[in-house]
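**Student:** Letter by letter, the chains look like this.
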Amino acid sequence: MTDIADSSAAKTGTPAADNALRRKWAKLKRNKAAMLGGSLIIIYVLSALLAPVLVTGNPSGLNLMNSLEGPSFKDPLGTDELGRPILGRIIHGSRISLVIAVGVVFVGLVCGIPLGLISGYYGGKIDFIIQRATDAMLAFPGFLLALSLVAVLGVGIKNTVISIGISMIPLYIRLVRGCVLAIREEAYVEAARAVGTRDAKILLRHILPNVMVPITVQTSMSMGTAILFAAGLGFLGIGVQPPTPEWGAMLGSARSYLFHAPHVATFPGIAIFLAVLSFNLLGDGLRDALDPRFKL
Amino acid sequence: MTAQTNPLLKISNLHIRFHTLDGVVQAVDGIDFDVYPGETLGLVGESGCGKSVTALSILQLLRCPPAEIDGNIVFEGQDLLELDREGIRKIRGNEISMIFQEPMTSLNPVLKIGEQIAEAGRLHKNMNRQQAWRWAVEMLRMVQIPGPGSRSRQYPHKFSGGMRQRAMIAMALSCNPRLILADEPTTALDVTIQAQIMTLMQRLKQEFKSAIVLITHDLGVIAEMASRVVVMYAGKVVEEAPVIALFKDPRHPYTRGLLGSIPVIGRKEQTGRLLQEISGMVPSPADMPRGCRFLPRCSHAMDKCHQDEPPRTRLAEHRRVSCWLETR
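Chains A and B are the protein sequences, given in the same order.
Residue numbers for the first sequence follow the working numbering, beginning at 1 and rising by one.
Residue numbers for the second sequence follow the working numbering, beginning at 1001 and rising by one.
Derived from the structure by calculation, the hints contain no laboratory data.
A quick note: this is a predicted structure, and the numbers were derived from the prediction, not measured.
Treat the hints with care, since some could be wrong.
Distance condition first, Cα-Cα at most 27 Å in a straight line; then the derived DSS-like pairs of lysine-lysine [unchecked claim]: (1) B:K1010 - A:K24; (2) A:K201 - B:K1090; (3) B:K1205 - B:K1248; (4) B:K1125 - B:K1205; (5) A:K29 - B:K1158; (6) B:K1205 - B:K1090; (7) A:K201 - B:K1158; (8) B:K1248 - B:K1125; (9) A:K201 - A:K125; (10) B:K1158 - A:K27; (11) B:K1125 - A:K201; (12) B:K1010 - B:K1090; (13) B:K1209 - B:K1010; (14) B:K1090 - B:K1209; (15) B:K1090 - B:K1125; (16) B:K1205 - B:K1010.
Given these sequences and hints, build the entire structure.
**Tutor:** Given below as structure tokens:
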């Protein structure tokens, strides 16, 4: 018997994952929209991290003498009805929005992935129960569900995160379950079972890594949605409470001055718009780069 | 021969049904055969005759429902069908392991080859991560993967079909099982690689002293590897024979048909035909003919065949056939 010739890749011993990852990164880099989204996200994250350095003084401190001032050198984006600098409040607001976005996605992932894995892998009664519960949650429009949860839980950052997070769970359950249904029939899952691998290990080591691509894409998209929902709740006055500089709440209070000081509402609006847009652009780019066959 | 020793695996009266939307499909209908320690048993039949399902049922890898399994699968005095989840899990990979048909899809694309082979060691031999890894590399060397050290750190997409099948064999052998179920191990490979894999399996079998159930529709592979052959047709065993007897003197018309459908150079000059195909199709499991299942395709059909299923006739030790022709 002749040995199969050793390929050059084996000799250099480069782990395949590095190459694959590099190729995917190169593909993502070519996608201009995704790169724009990614850069905007980096700017948001930096401004959130550096907010105390970038903005001196209390973003909630009043200065009624120069309320509703237009953009100037002193206040590049003008001031709001209480004389607070809008730029400073937007920068501080990015902290709130990003914390909410991360928290929401965390709640969605932590609850949605295990339920989706179990539902898809075991099937049967447990699948039926989880799926009917998911149906019930999906019957409400996402925002309405978050709204009614806030009504039950009360206002504040923590409750905003929990209520929007819960409204995201069914999306993750559905997504993960759908992928698991396909992957559990793969020959390598059967092979793993034939070696005597435990169910928990099959789920975590064989199935979950194969679901990571759709989860990553969904997570990026969900961050945008979470920011939008949080702003919506803030706008209605049942999300994060004033005087905390939250983008939605800023929009809400600026509503009354829309005609003679439109900039007060415009700039937080642009901040929300760009944040949501950049997460969606990045999500699209990630999808195309990671798995072109996969459509969300 | 192996007549005196106790069988390693004894399958008796095995029925496998699937509940589908179109009704109940009887995939395997009361088959029985034994596997003795250290032998290679060939399980032959055309697609859909229940070979793979039988193998999967031995390790309880069929999803129940929709599958429903009846009968006895006794492995070393223990009925595998009565074991609970944990019990069968300890058998899988450790006592009985399986080599699958599709090496291209039987390895997880997101895990390194070495990790996948090491898994069995960690599960059944209580090895730690490093020990299991070293041992996985050793297994890869055993199945003649060149540069096993660096190859074990690669992902499956860097392996060719033949190498993947070697890796699968390494995985199957890694816990030195008593029985290997090889479900068409060479079907997806090209002919030269097939020969390599066969030689490798022969060698490892002698080294590890495992028994092999070789499932295939390739009679050439059977002639080379198997010591005994069980021929299945439409969920039933139609003939069982030692391999030489089977090729020399096939008794069941189906077995004769199978042997006739192997191309032989020079046959056209003798018989005027290159191949003797078996006319017709396998009957649908949902719509089996009464009497003998091979009846619609059989050239020797008699009146009796229409009424009753043929009984099993024992011709010699390990030699039986289910056909009315043999009952005279």
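**Student:** Now look at each hint and say whether the structure bears it out.
**Tutor:** The hints, checked one at a time:
1. B:K1010 - A:K24: Status violated; Cα separation ~52 Å.
2. A:K201 - B:K1090: 15 Å, holds
3. B:K1205 - B:K1248: It holds: about 26 Å lies between the C-alpha atoms, which stays within 27 Å.
4. B:K1125 - B:K1205: 21 Å, holds
5. A:K29 - B:K1158: 25 Å, holds
6. B:K1205 - B:K1090: Roughly 22 Å separates the two Cα atoms, so the pair holds.
7. A:K201 - B:K1158: With Cα atoms ~24 Å apart, K201 of chain A and K1158 of chain B stay inside 27 Å; holds.
8. B:K1248 - B:K1125: Violated. K1248 of chain B to K1125 of chain B sits at ~45 Å, over the 27 Å cutoff.
9. A:K201 - A:K125: Given that 27 Å is the threshold and the Cα spacing comes to 22 Å, the pair holds.
10. B:K1158 - A:K27: 21 Å, holds
11. B:K1125 - A:K201: The hint holds at about 16 Å.
12. B:K1010 - B:K1090: Distance of about 19 Å is within 27 Å: holds.
13. B:K1209 - B:K1010: 18 Å, holds
14. B:K1090 - B:K1209: Holds, at about 20 Å.
15. B:K1090 - B:K1125: 11 Å, holds
16. B:K1205 - B:K1010: Given that 27 Å is the threshold and the Cα spacing comes to 20 Å, the pair holds.
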